[in-house]
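*Asks:* Residues 9 to 827 (the numbering used here) make up the sequence shown, in order.
Possibly wrong hints are sitting among the right ones.
Within a straight-line C-alpha distance of at most 30 Å, the following computed DSBU-like cross-link-like pairs (lysine-lysine) qualify [stated by the list, open to error]:
#1 K770 with K757
#2 K66 with K311
#3 K351 with K318
#4 K770 with K351
#5 K564 with K491
#6 K491 with K481
#7 K757 with K702
#8 K526 with K493
#9 K713 with K775
#10 K136 with K56
#11 K481 with K564
#12 K775 with K722
#13 K775 with K702
#14 K713 with K702
#15 K757 with K775
#16 K564 with K493
#17 K315 with K66
#18 K320 with K351
#19 K770 with K701
#20 K757 with K713
#21 K56 with K66
#22 K564 with K488
#23 K564 with K722
#24 K493 with K481
#25 K702 with K722
Derived Cβ-Cβ restraints for the label pairs, each shown as a range [to be verified]:
#26 E728 with P772: 26 to 32 Å
#27 T329 with G106: 53 to 59 Å
#28 L667 with M754: 14 to 20 Å
#29 G138 with A237: 35 to 41 Å
#30 I765 with T265: 31 to 37 Å
#31 A118 with S292: 48 to 54 Å
#32 T265 with S292: 19 to 25 Å
#33 S274 with R173: 18 to 24 Å
#34 A118 with T265: 35 to 41 Å
#35 E324 with S274: 38 to 44 Å
#36 A118 with T64: 28 to 34 Å
#37 A237 with T139: 31 to 37 Å
#38 Y480 with Q748: 44 to 50 Å
Rather than coming from a laboratory, the hints here were simulated on the basis of the structure. Being a predicted model, the structure only gives us computed values, none of them experimental. Note that the Cβ used here is the ideal one computed from N, Cα and C, for glycine as well.
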Amino acid sequence: MKLTTSSVLLLLSSLFLSLSSSISAAEILPGSTLYASNPTQSWSSPSKTFSLGFITDKLTRFVAITYNGIPIWKAGGATDPTASFHFLQDGNLRLVNGSTGIVVWQSDTAGRGVSSASLDDSGNFVLKNGTTSVWSSFDNPSDTILPRQNFSLNSTLRSGLYDLRLLDTGQLRLRWNGSIVYWNSELNSSVTTNLTSPSIGLQPTGVLTLSDPTISGGPVAVVYSSDYADVSDVLRFVKLDSDGNLRIYSSARGSGTQIERWAAVSDQCQVFGYCGNLGVCSYSNSTPVCGCPSRNFDLVDPKDTRKGCKRKAELENCVGTATMLQLDHAKFLTYPPELSEQKFDVGITGCREICLSSVACIASTSLADGSGDCYLKVPGFVSTYQSPALPSTSFVKVCPPVLNNPPASSGKAWRLRAWIVAVVVVSTILGLVLVEGGLWCWCFRNSPKLSALSSQYALLEYASGAPVQFSYKELQRATKGFKEKLGAGGFGAVYRATLANRSIAAVKQLEGIEQGEKQFRMEVATISSTHHLNLVRLIGFCSEGRHRLLVYEFMKNGSLDNFVFTREDQSGKSLNWENRFHIALGTARGITYLHEECRDCIVHCDIKPENILLDENYNAKVSDFGLAKLVNPKDHRYRTLRSVRGTRGYLAPEWLANLPITSKSDVYSYGMVLLEIVSGRRNYEVSPETNCKKFSLWAYEEFEKSNVEAIIDKRFSSHEVDMEQVMRAIQVSFWCIQEQPSQRPMMGKVVQMLEGIIEIEKPPAPKAATEGSVSGTSANGSSSVSALSTFAASAPARSLSSSFQTAGISSYASGKECR
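Can you build the whole structure from these sequences, using the hints too?
*Replies:* Have a look at this one:
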């Protein structure tokens, strides 16, 4: 084809315009300006992945760098609608309010030879002198850390009154108002050298790493996001949110949404100042909510409950007549430097009286954890946390009379009367509607097409967080008539199911359930109210006639026992040490949530490898929780559970002695599992190698001899394990399996010991417990199956008799040699 002169010119012109557009997207010249009145105006990175411009966030305008509309860096604070952002000729960036001319923020780079600016595809905005960087957003972060961005000693993330700093020890520290340290983690305690210039970075895979010239082998991992190793088209970033929590998020390109993948403070109410001064943080359906201690207080701002509370009558107005408002299951958060300054060793009554008699004291907290500690709060900022799971009582000084908050379920009398009138007026119409609706539902349930549509609407309900109620026919269809069995336990079998939205699920068909529908629904409500990364999620249930079924999320990698207790010819299924420790820590966090962070303390009663499931990324998910009897947190250390079942090898001594079963019984079981994770052997195995002793007792003897290598799974070589983590895990396991429940740590402390946050004292020798002579026999003589087994892809289907055989096979085989 012959090109004319005009065609050539047109082609060259198009290329020039394209090149100019590319250059303008990458470079910004001095004299350029962005205006708040023109929200479509922005400076973009070459690939348009990031852009810098004015955004509106909650009716307030900011200058920000955004990814998919998500702000990841901000210049200064809020502006008015007529503000402008200037790249001045002298090289300075300046944000100015149009109405007042007040400078909101500037880069202070005037006179430094700045000739251009650019926003690159990593999200870094750079002011340059030629090719040399003079100033960058990566070096001056606001509240976010991006991949390829180094967060060093001189860097600070800020969000409202909260800030994040990196210490020269390699620790990250969260503070409120520049003084109260409420989170301070070493993150990776394997780093023991003196650091010279540490920095934190986020890898694109979602791993937060610590770097320093003194660390051999390069950066060390300190935190893994829940979706780490997935390097698809996703941006991950670390953000200090306005609620004071540090989180890792991921955002898929083009989605415009962000998903939380990790949080520094797992319990949001533990963040100091979350509900403002004198505000009380509690939970409603797993969501933190803020309120006031009593009707002696008003909200500072009814439109924003996080701004705290104020007294209706100041203490100056009732000198000599003030009294103490009692708050059960509440504590005033006390962190350094307050932690040691106002501490007394007195009981609850003494804690109340000391504060009441002190002019300086305005509140106090008495801990009922056995320590006898009492903390006084002097005038200043008071941050309160209230939960039924907290073993503490607090007092607030108020002017009489004490006006307690009404129960959450109570309402205004006039509102009740209004409802009665309304019901009377519409009762006739409502009756007609119900009759018509009943006829329609009858037709609906008997139509296969409409029934399938019902499933899809139910799944939309599940997306909102509520458990889905399935009909028995729907689950029959989803499981193809209950054909593909994944496994079986003492309470029924588990089947693979494909739901209406094509997602895979595990359907548990319960058998021999004695409780009525009301009790069953209460148990379902309890299970569905638990939400944690390390717990198997309940999708829905069926309670129809005699049918009782539970629908769980499907775990692709099955249960932990399939990976820990593998034969040599199954080496491909063995987990490396890093994965094992990650699973051990995740399991501990899940159990901690059940014991200490739920509204009601949930004792699992059957912690074992078969009840620890693994998702596609080998994240631990504790299953089978919730059907054991709930324990009242008020006296959960002294309640007895006699109707639940456990499994041989994991039963705490108090089971066998018919003593009260508490959360410490789960701690014992977890200790046995932890020892198995380290060793790759069943805890009840005996063999000539262990001198015909129970493995846990033999392991302690080897630990005493400093022969830790003998305990570790023989499939690992010495360079394949982190010996410091191994030592922590072994010592924690021995603490957990102490005979006396009082000697065992709470699960929250177990997590801290595994993370290396607190030192571990040398554990005493565990004592042998006499278990049933029949392998697979539970404490009450029942078969060794859990109350509710949630099986997964690789969990083998086994009959009850094979469960007995599997449980005892190792000890039986080795017993021939150890007689």
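*Asks:* Hints first: check each against the structure and report whether it holds.
*Replies:* Do the hints match the structure? See the list:
| no. | hint | verdict |
| --- | --- | --- |
| 1 | K770 with K757 | holds, 15 Å |
| 2 | K66 with K311 | holds, 13 Å |
| 3 | K351 with K318 | holds, 25 Å |
| 4 | K770 with K351 | holds, 28 Å |
| 5 | K564 with K491 | holds, 18 Å |
| 6 | K491 with K481 | holds, 14 Å |
| 7 | K757 with K702 | holds, 27 Å |
| 8 | K526 with K493 | holds, 28 Å |
| 9 | K713 with K775 | holds, 18 Å |
| 10 | K136 with K56 | holds, 20 Å |
| 11 | K481 with K564 | holds, 25 Å |
| 12 | K775 with K722 | holds, 25 Å |
| 13 | K775 with K702 | holds, 11 Å |
| 14 | K713 with K702 | holds, 17 Å |
| 15 | K757 with K775 | holds, 22 Å |
| 16 | K564 with K493 | holds, 15 Å |
| 17 | K315 with K66 | holds, 17 Å |
| 18 | K320 with K351 | holds, 29 Å |
| 19 | K770 with K701 | holds, 22 Å |
| 20 | K757 with K713 | holds, 26 Å |
| 21 | K56 with K66 | holds, 25 Å |
| 22 | K564 with K488 | holds, 19 Å |
| 23 | K564 with K722 | holds, 27 Å |
| 24 | K493 with K481 | holds, 18 Å |
| 25 | K702 with K722 | holds, 18 Å |
| 26 | E728 with P772: 26 to 32 Å | holds, 30 Å |
| 27 | T329 with G106: 53 to 59 Å | holds, 54 Å |
| 28 | L667 with M754: 14 to 20 Å | holds, 18 Å |
| 29 | G138 with A237: 35 to 41 Å | holds, 39 Å |
| 30 | I765 with T265: 31 to 37 Å | holds, 33 Å |
| 31 | A118 with S292: 48 to 54 Å | holds, 51 Å |
| 32 | T265 with S292: 19 to 25 Å | holds, 24 Å |
| 33 | S274 with R173: 18 to 24 Å | holds, 21 Å |
| 34 | A118 with T265: 35 to 41 Å | holds, 39 Å |
| 35 | E324 with S274: 38 to 44 Å | holds, 40 Å |
| 36 | A118 with T64: 28 to 34 Å | holds, 29 Å |
| 37 | A237 with T139: 31 to 37 Å | holds, 35 Å |
| 38 | Y480 with Q748: 44 to 50 Å | holds, 48 Å |
Of the numbered hints listed earlier, not one is contradicted by the structure.
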